[in-house]
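Residue numbers (the working numbering): 1 to 104.
The reader is advised that the hints may include incorrect statements.
As the list claims (entries may be wrong) - With a Cα cut of at most 25 Å, we get these calculated SDA-like pairs of lysine to any residue:
1. K55 to G81
2. K88 to A16
3. K37 to R25
4. K37 to Y52
5. K24 to Q62
6. K45 to F13
7. K45 to A16
Because the hints were derived from the structure by calculation, they are not lab data.
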Amino acid sequence: STNIANVNILSLFQKATFQHAIAKRVAELKALCIVHKTFGDRVVKAKKLIQYSQKMPQASFQEMGGMVDKIVATVAPCCSGDMVTCMKERVNYVFSQPLNLSPL
Numbered sequence: 001s002t003n004i005a006n007v008n009i010l011s012l013f014q015k016a017t018f019q020h021a022i023a024k025r026v027a028e029l030k031a032l033c034i035v036h037k038t039f040g041d042r043v044v045k046a047k048k049l050i051q052y053s054q055k056m057p058q059a060s061f062q063e064m065g066g067m068v069d070k071i072v073a074t075v076a077p078c079c080s081g082d083m084v085t086c087m088k089e090r091v092n093y094v095f096s097q098p099l100n101l102s103p104l
């Protein structure tokens, strides 16, 4: 009985943690859409370039710029449709492309 209670508590905790992570990501995506709508591609590109440059400092400017261009190209369509599905497809596309980068 104690094992079942522990498993249920763990399961609930994992579900809550997952739901929190999803809610956080959706909030980030909504914020990105607001930035895009307010300021356009140029500001979104600068924001993403800063974020990814910090995550992958070994990448050249050209490599990083190419990846960020692909990401920025998906922002407007993603923000005007099914955002979550679109962003998942964006991640799959960007990281399926040959690029010798890995976060530190």
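Here is how each hint holds up against the structure:
Only pairs whose Cα atoms come within 25 Å are accepted, and K55 paired with G81 is rejected, the gap being roughly 28 Å. For the hint pairing K88 with A16, the CA-to-CA distance comes to about 21 Å; that is within 25 Å, so the pair holds. Only pairs whose Cα atoms come within 25 Å are accepted, and K37 paired with R25 is accepted, the gap being roughly 18 Å. Only pairs whose Cα atoms come within 25 Å are accepted, and K37 paired with Y52 is accepted, the gap being roughly 21 Å.
Taken as a hint, the K24 and Q62 pair is broken in the structure, with Cα atoms around 30 Å apart against an allowance of 25 Å. With a C-alpha separation of about 36 Å, the suggested pair K45 and F13 falls outside the 25 Å cut-off, and the hint is violated. Between K45 and A16 the alpha-carbon distance is near 33 Å, which puts this suggested pair outside the 25 Å criterion.
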